[in-house]
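Okay, here's what each chain looks like letter by letter:
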Amino acid sequence: EDKVVQSPLSLVVHEGDTVTLNCSYEVTNFRSLLWYKQEKKAPTFLFMLTSSGIEKKSGRLSSILDKKELFSILNITATQTGDSAIYLCAVQKDTGNQFYFGTGTSLTVIP
Amino acid sequence: NAGVMQNPRHLVRRRGQEARLRCSPMKGHSHVYWYRQLPEEGLKFMVYLQKENIIDESGMPKERFSAEFPKEGPSILRIQQVVRGDSAAYFCASSPQGFTEAFFGQGTRLTVV
Chain X
208 EDKVVQSPLS
218 LVVHEGDTVT
228 LNCSYEVTNF
238 RSLLWYKQEK
248 KAPTFLFMLT
258 SSGIEKKSGR
268 LSSILDKKEL
278 FSILNITATQ
288 TGDSAIYLCA
298 VQKDTGNQFY
308 FGTGTSLTVI
318 P
Chain S
394 NAGVMQNPRH
404 LVRRRGQEAR
414 LRCSPMKGHS
424 HVYWYRQLPE
434 EGLKFMVYLQ
444 KENIIDESGM
454 PKERFSAEFP
464 KEGPSILRIQ
474 QVVRGDSAAY
484 FCASSPQGFT
494 EAFFGQGTRL
504 TVV
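So the protein lines, in turn, are chains X and S. The numbering of the first sequence is our numbering, which starts it at 208 and goes up by one. The numbering of the second sequence is our numbering, which starts it at 394 and goes up by one.
None of these hints come from the bench; they were simulated from the model. These numbers come from a predicted model, not from an experiment. Possibly wrong hints are sitting among the right ones.
What the hints assert, rightly or not - Residues of chain X placed beyond 10 Å of chain S at every Cβ, according to the derived structure:
1. 221
2. 223
3. 226
4. 259
5. 282
Said to hold, decoys possible - Calculated pairs, SDA-like style, for lysine to any residue (alpha carbon to alpha carbon, straight line, at most 25 Å):
6. X:264 / S:432
7. S:437 / X:266
8. X:247 / S:496
C-beta: ideal position from N, C-alpha, C; glycine also.
Please put together the full structure from these sequences, using the hints given.
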């Protein structure tokens, strides 16, 4: 059975801290891994990763994929209260086009 | 370019009624996905459609649920004879083609009373 597992389930940090969120997966016919940020509304797209070892970066956020060990990490440096959200990891397979989501990591950034 | 538009944002139905959820994809997007999110759970895939075609409905309950994406107009997710267990947030996403990132709408929060 295909699985996407995120850890930790929740995290509380202080402003300015750096956090690392983890996503491991077990799926057949892996194609890509995506990260989304969900506040109290629509998940917003962050990154799409298809190749191992190539870091994607956007401001204070960065992400990398390891296709050998079947995981990805999302790093957020110098966290701000606006980073508080649920971060979702999703895997897309080669067969079919749907995304398989993990249950998310709830991040709370305290001032 | 407006994002993915879902309406209504909130929908309250009594048990046994029908719920119709609408999704207008982003301009130029012909691929639509529906997901359901229960409290404390992740997004669960329901159905993937292209214009006038259901491509994958492996996540849809076999009964009472149906989806369409007509040539003109929004995609519709229809739930007949709703039950309390159908209460959830239903999200629609769209993409311009297969195997690219998908963009989500704000969701419809369905409450069955």
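Evaluated hints:
| no. | hint | verdict |
| --- | --- | --- |
| 1 | 221 | holds, 25 Å |
| 2 | 223 | holds, 29 Å |
| 3 | 226 | holds, 20 Å |
| 4 | 259 | holds, 18 Å |
| 5 | 282 | holds, 19 Å |
| 6 | X:264 / S:432 | violated, 31 Å |
| 7 | S:437 / X:266 | violated, 30 Å |
| 8 | X:247 / S:496 | holds, 16 Å |
Checked against the numbered hints listed earlier, the structure breaks hints 6, 7; every other hint is satisfied.
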